[in-house]
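Mapping the sequence shown onto the working numbering, position 51 (from 1) lands on 51, and the numbers just tick up by one.
If you're looking for bench data, these hints aren't it; they were derived computationally from the structure. Take these hints with a grain of salt, some might be off.
To be verified - Each pair of labels, with its calculated beta carbon distance range: (1) Pro30 / Arg4: 47 to 55 Å; (2) Thr39 / Arg99: 15 to 23 Å; (3) Gly105 / Ala31: 39 to 47 Å; (4) Ile29 / Arg135: 22 to 30 Å; (5) Phe77 / Ala28: 35 to 43 Å; (6) Asp119 / Gly50: 14 to 22 Å; (7) Ala28 / Pro76: 28 to 36 Å; (8) Pro33 / His53: 40 to 48 Å; (9) Gly54 / Phe77: 15 to 23 Å; (10) His53 / Arg135: 24 to 32 Å; (11) Gly54 / Asn87: 24 to 32 Å; (12) Ile29 / Arg90: 40 to 48 Å; (13) Val125 / Ala28: 49 to 57 Å; (14) Gly105 / Leu56: 20 to 28 Å.
Think of the CB as a built atom: it goes at the ideal place given N, C-alpha and C, for glycine as much as any other residue.
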Amino acid sequence: MGRRRWCLLWVVITLGLGGCVAPPPSQAIPAPPSPPRLTLLVGRASWYGGAHHGRLTASGERFDINALTAAHRTLPFGTRLRVVNLNNNRAVEVRVNDRGPVVPGRMLDLSYKAARALDAITPGVVPVRVTVLPR
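Please model the complete structure; the sequences and the hints are all you need to start from.
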């Protein structure tokens, strides 16, 4: 083989091996975190208390009239809610631990303590705005 062929062979091998090198790692830019999705519900809320105190809720825990809890038909147990009484703008945060209400036209049943915080004891049923809070 002549010198020219060796040089040509060397160039081909060098360029061929250069194509087998892995590209440098790319600097992936993470996507910005998406804001938490907040669900807004508007409806009527009532409260329940004394007769149910100490009984088991649908979640298996004992109902406590002095806890900030609520009953909802479908939201998962443990869901945190911000409830605002639309008559007076008082607000309270509660945790879903029971199923209900059983009365048609009502969306939420509040514990006595939560209803007291909203000043909903005397009226019994109040219009509310409910925001599902992120976990």
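Against the structure, the hints:
no.	hint	in the structure
1	Pro30 / Arg4: 47 to 55 Å	holds, 53 Å
2	Thr39 / Arg99: 15 to 23 Å	holds, 18 Å
3	Gly105 / Ala31: 39 to 47 Å	holds, 43 Å
4	Ile29 / Arg135: 22 to 30 Å	holds, 27 Å
5	Phe77 / Ala28: 35 to 43 Å	holds, 38 Å
6	Asp119 / Gly50: 14 to 22 Å	holds, 19 Å
7	Ala28 / Pro76: 28 to 36 Å	holds, 34 Å
8	Pro33 / His53: 40 to 48 Å	holds, 42 Å
9	Gly54 / Phe77: 15 to 23 Å	holds, 19 Å
10	His53 / Arg135: 24 to 32 Å	holds, 28 Å
11	Gly54 / Asn87: 24 to 32 Å	holds, 30 Å
12	Ile29 / Arg90: 40 to 48 Å	holds, 44 Å
13	Val125 / Ala28: 49 to 57 Å	holds, 53 Å
14	Gly105 / Leu56: 20 to 28 Å	holds, 26 Å
When held up to the earlier numbered hints, the structure conflicts with none and fits them all.
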